[in-house]
Amino acid sequence: KAGVTQTPRYLIKTRGQQVTLSCSPISGHRSVSWYQQTPGQGLQFLFEYFSETQRNKGNFPGRFSGRQFSNSRSEMNVSTLELGDSALYLCASSLVAHLGNEQFFGPGTRLTVL
Amino acid sequence: TQLLEQSPQFLSIQEGENLTVYCNSSSVFSSLQWYRQEPGEGPVLLVTVVTGGEVKKLKRLTFQFGDARKDSSLHITAAQPGDTGLYLCAILIQGAQKLVFGQGTRLTINP
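These protein sequence lines map, in sequence, to chains U and P.
This note's numbering numbers the first residue of the first sequence as 1 and each following residue consecutively.
This note's numbering numbers the first residue of the second sequence as 115 and each following residue consecutively.
Just so you know, not all the hints are guaranteed correct.
Here are a few chain U residues that sit away from chain P, every Cβ distance over 12 Å (derived from the structure) [what the hints assert, rightly or not]:
1) Ala2
2) Arg9
3) Ile12
4) Tyr35
5) Gln44
6) Asn77
7) Asn101
8) Leu111
9) Val113
Reference excerpt, derived from the structure (chain U facing chain P, CB under 8 Å, subset only) [to be verified]:
10) Phe45
11) Pro61
12) Leu81
13) Gly84
14) Phe105
The hints are simulated quantities; they were obtained by calculation from the structure and are not laboratory data.
Yeah, the Cβ is synthetic: ideal placement off N, Cα and C, and Gly gets one too.
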């Protein structure tokens, strides 16, 4: 069974640009969560999607947005990039959005903003 | 203020030594998870502890949940280079698929 895949794995952008990251969950998983990982702040929750609906959102500005498609694949978008957006962006999928369901993480997309 | 405080932040020891890392909070949790993250990969769940005082073993790794369910520890016996990685504790927020992580302990085992 294939794991969670994220594309691209590495990305370099400049300030002011926008970026779209993609996440394909494990087959059959319907919940996808996104996290940002930085050396200073650690791993922080961005948002969670289930059945194409955003169910939960972390404390990030509106420049961070996402969506989920009918096949459960998810994308996140960051507009007007800032230097501080440089981070590893991780997505995680779980079978259903129930408490205690294990989340499986992808390898992440390393975003560098210059 | 971090909800979960992990210590130490960095730990570098020789192969064969034992070590313990900690995850502490002032809040009570219904459960707590430990993850290991290796370079270039996402975190991988090691264990979930649920009951106060619970001890779980995973080969040379021993996980303990505090009696008051506010803290947890991870003990590694006879550490090996393959144990190198970032160890993260996390709690799953009730009613959401939202994990809140500690800052992690970056562990290096030297051959």
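Verification of the hints:
1. Ala2: Non-interface label stands for alanine 2 (chain U): nearest chain P Cβ at 14 Å, farther than 12 Å.
2. Arg9: Violated, since 9 Å does not exceed 12 Å.
3. Ile12: holds, 17 Å
4. Tyr35: Tyrosine 35 (chain U) not clear of chain P: closest Cβ-Cβ about 8 Å, inside 12 Å.
5. Gln44: Not fine: 8 Å to the nearest Cβ puts glutamine 44 (chain U) too close to chain P.
6. Asn77: At about 20 Å from chain P, asparagine 77 (chain U) clears the 12 Å cut-off, so the statement holds.
7. Asn101: It is violated; asparagine 101 (chain U) is separated from chain P by about 7 Å at its closest Cβ, not greater than 12 Å.
8. Leu111: Holds, since 15 Å exceeds 12 Å.
9. Val113: Nearest chain P Cβ is 20 Å from valine 113 (chain U), so the label holds.
10. Phe45: holds, 5 Å
11. Pro61: With Cβ-Cβ at 18 Å, over 8 Å, it is violated.
12. Leu81: violated, 22 Å
13. Gly84: violated, 17 Å
14. Phe105: holds, 3 Å
In terms of the numbered hints stated before, the structure departs from hints 2, 4, 5, 7, 11, 12, 13, listed from lowest to highest.
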